[in-house]
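S.K.: Hints are included, so try docking the two chains, each in its own frame, into the full complex.
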Amino acid sequence: MLRYTVRRLLQMVVVLLVLSLLVFAWLRALPGGPVSALLGERATPESRHDLIVQLGLDQPIFVQYLKFLGRALTGNFGTSNGVQPGTTAMDLFLTRFPATIELSVFAIIIAVVFGIPLGYMAAKRRGGWFDNATVIGSLVGIAVPVFFLAFLLKYIFAVKLGVLPSDSRQSVTDATRVTGFFVLDGIITQEWDAAWDAFRHLILPAIALGTIPFAVVFRITRAAVLDVLDEDYVRTAESKGLTAQLIRRRHVLRNAMLPVVTTIGLQTGALLAGAVLTENVFAFPGVGQALALGFERRDYPVLQLLIMMAAMVYVVVNLLVDLSYALIDPRIRTR
Amino acid sequence: MALLEVRDLTVVFQRRGEQPFTAVDGVSFDVEPGQTVGLVGESGCGKSVTSLAIMGLLPKRGATVTGSVKFEDTDLLRLSGNQMRDRRGRDLGMVFQDPLSSLNPVITIGVQVAEVLERHQGMSRKKALTEAAGLLDKVGIPDPNRRISEYPHQLSGGMRQRALIAMALACKPRLLIADEPTTALDVTIQAQILSLLKGLVQDTGTALIMITHDLGVVAGLCDEVNVLYGGRVVERAERHELFAEPRHPYTHGLLASIPRLDAPRGERLMPITGSVSDNIPWDSACAFAPRCPNALDVCREVTPEQEWRGSRLLRCHNPVQPAAAETEEASV
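Note that the protein sequences, when read in sequence, are chains A and B. By the count of UniProt numbering, the first sequence reaches residue 335 at its end, each step adding exactly one. By the count of UniProt numbering, the second sequence reaches residue 332 at its end, each step adding exactly one.
Since the hints were derived computationally from the structure, they do not count as laboratory data. Predicted model only: the values in this text are computed from it and were never measured. Hints are supplied without guarantee of correctness; some may be wrong.
To be verified - Label-pair ranges, simulated between beta-carbon atoms: (1) A:323 to B:260: 54 to 60 Å; (2) A:226 to B:172: 31 to 37 Å; (3) A:109 to B:18: 53 to 59 Å; (4) A:259 to B:18: 26 to 32 Å; (5) B:33 to A:117: 42 to 48 Å; (6) B:142 to A:101: 33 to 39 Å.
To be verified - Now the stretches of chain A that chain B is said to cover, found in silico as 3 or more residues with beta-carbon under 8 Å: (7) 232-243; (8) 251-265; (9) 319-333.
Glycine included, each C-beta is placed from N, C-alpha and C at the ideal position.
With the rest of the complex left out, here is chain B (with noise of 0.2 Å):
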């Protein structure tokens, strides 16, 4: 049974004098324990609020949060505010992208790790302040006796971003979600971080919501992906056979743009023209039409509904055939 169940997961904001913004649109999807799982897609896609909602932390006001989440059984969506701060931090836990901004500047980092502790297992402030120092030595930060009386300003960004997953880390959750952990960090510390991350979700037996827009970090350490565009799940597959065979033509454009060293000098790169902002509701027709090189007239008129294409989730009138992309371009 899955640990986590998301399903239908709608989110609209709506602001006085304003319209209504759907920014997830019946999102479905979801975690076995221990499994990773991608949530992949271009600013504005849904995938942060998906997860800020599935954490229950959307601001009350201005947010409609519909569908279900189910997390062994309970919806987290019908628990009460009191109820999901019990189960914030110690059935969920969640590492922010930048982590400066998500470190309180005038408290100590011992005191960040161990106010979790305190607050879910009831622990004395002594007591939870050397349980900090050893969470603190498992993420790697060197000398944890010493950091623990240290600010967030006086550690780099790397050590900074540990010390968040160790405080997400600290009541050992069943779920981990992790918005973009590393797009704030230099590339040799994402590295690190990201297979500190995957060490330690595989030592607990964690499952992980890896939200990114960096294919590079899907590849590296994700079981199933999901591929969101406007609020929707547009292709869904194993890790494998997405990057093998790239359906739905806005997770080829995505694979496509990204440089690749073994291509032919000269050979220019491929990025998707115009922006998510250009897209169109998904009411009466497909979102990503306007930005689509496959884009027939039915995309135009029809809402793609989402379907099964053997193990893999698709929502598109006109997938990239696979094998037949060449074939494809010779005939254009």
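So that you can see chain A by itself, here it is in the shape it has in the complex (with noise of 0.2 Å):
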């Protein structure tokens, strides 16, 4: 098991370095690029020039791409010079990462907490008019694009009803910080009305970011279960005598778990995508945000950081998946 796991985060470097080399050649392949953007169109050949060589880019790439990997190794990734101006990329994930984190916890407990009870009892009561109505209400959960469902609730909820704050992660603004999830901070610094403050700060994007992951939590949760409740296994589970609550929690779930925890892992990857859409709606202060402005003005340094730390949550997400299945499954375990 340990031999799997360091052989998997070897993977991990080597997947790294290759996704370095194409982000860089990428964003330099982009139109346009960080002199227009910072000094717009109609800059001085002299100015112009200046910037260039201030920022290195006047060298050969593979200079350039040289001179980038061997400042990273040191954890270096250069300084914004559009999201934030000033600070270094590294603090500027630092700071914002805790932000998109708990925002996607939160998505992930609603998608777990919601999908896997409904997908059990759509799967029990198959054919039944709850099965099909939550089938239904899934497949619209999975249609409806995030941005557009993210406008929604916004509108609905935050101005018209007025009940939910529409952005950004606290009003409080006198809140110790201690961790960077804020909703944690509070509750470890006793600051209930700050934990609480943030956690309605939550409600909203964690839906907007919760809604294609519950519903295929839900699907596939309702599928796996379908096809547990065809074993025969359960059958001698019944023939034993055992109670439904025993038999569900030990015979059903756990062995309906395997395809579920798969999902969640994948889920968690694309959650990184929903979380572009859901933080710019809610004008929230995560890496999505800065992701989608890093683009906005080509502020590289920031951007490779970025797009490289996305790639290595989702190995370690799905590393961790892999972990836990052989927690599950004893036939992984034992080979």
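M.R.: Okay, structure coming up:
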């Protein structure tokens, strides 16, 4: 198991190296560039040239890449020149990343807490009105574009009804920062109003972001439970007179969780894409918002770091999924 | 008094948009305490459905069960779902056909045995696991203390079936139903499992319903045999009687279709032609008539009733005559 984990982590290094090369080349192949973005269309050739030299863009691309790589190995990914000029890309990432994690965790919690029980219930009532209604509902959930849903939620609950905040992470300004996860910070410091306020700010974006994962988890759970209910070992469990609750927990759900766990891992990766849209609609200061701004302003250092970090999160999450697989299924563990 | 009295048990499957299908059609039989009763027939004859109906394991939707299944004066078919849960595993145990798919792949063998004891005897997990190791030892699994923490895929096929038997017998039920318990196993293992089952039911006085298509299993194990065809009992007799003198043409055919080592060289096998799917319903004819070598006109027009012929129950218009089989062949 340890060897397996180490091997996967080494693979991740290779993935990141290849990706860094691709991202580096690809960003520079895009039309426009940081110079036009920073100075505008009417800048003089002299000032343009100065900036190009200052940013090191006059050198051959492979020299630029090797310099970037050398600095990156020491943790220096350069300084933002568009999103938050002056801040290092790493600092920018570190202050924004907790916001995105907090949002994603809430979105996944919503997906799991609703998706798994509803999927189980739909499977048990296969063909009934509950099953049909939830299956159609989940189809709608998958089909509605994230940004549309985000705007809709914002319009109804924040603008029209005014029951929930429409943007940012927190309205309380004097909250103590400990971890960067605002809800957690509030709980640790026992500043309950700050925690509650941060939580209220998360509700709408988390719903918008969690809808697709919810629908996917729901459908996979339903299908997996339907498969497992037909298995002989469930009949064996019934023949032993076990309580319905025990059969559900120990014999049905535990086996049905295998495909669901994989799905949760894949959805967590897809969540990063959703976060770009959701964070922009709710002006939520996470990496998704920075990513969109970075593209707009051609902020190469920020984009390079964020894209590579996104890839790393994806690889790590899927490694965790594979490891949890082994926890659930002894056939993998003992092989 | 009989331990189990099955009376007019009928199971009708009804799927939306399809014709209702009668899988079991008025089956009646008794099981005395400690007795071993065989239910024999081809696939599709209703033997497995009969056992699932007795255990209350048929799906609640889509299957209609009528008749009565009296277990010590309680009609099991009238019990609520939870009352039946209290009975299953405690009074009635069941062993299934495929031991690998019948065991939960992600739970240790020990827990799968122990959970029955926890449920019906209120044991703690620790005590139940100790007891489980003892049960595994009793069914002939070597090194039971190691095996309880292993998973089904780490056991051989025979071991798995032994573990399933240990689960079914954990609470010393008075009735055990074994649904083709040896079909998925190697021939050498089959004999071991059968002799294990035989020994266990004899030691504990457990009654056994043996469901099989294999007349060899019946010959070695059963006191009484019910031959099923198309969801009905067509012949019932004590074991020796049935093997010595099969009267129903179907039973006769089943026995004749077993290849014999002492047959002269070159003698052809005697299969029963056709398959169960060709059968016609029992409404206005004998369901076996299309495949029956003895069929008369009356067989295709009148449903044969169940009749006692001495100690034997028979459902046939034109049974095979005792000791006349050869003369009959000569006259044809």
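S.K.: For each hint given before, does the structure comply? Return the numbers of the non-compliant ones in rising order.
M.R.: 3 and 6
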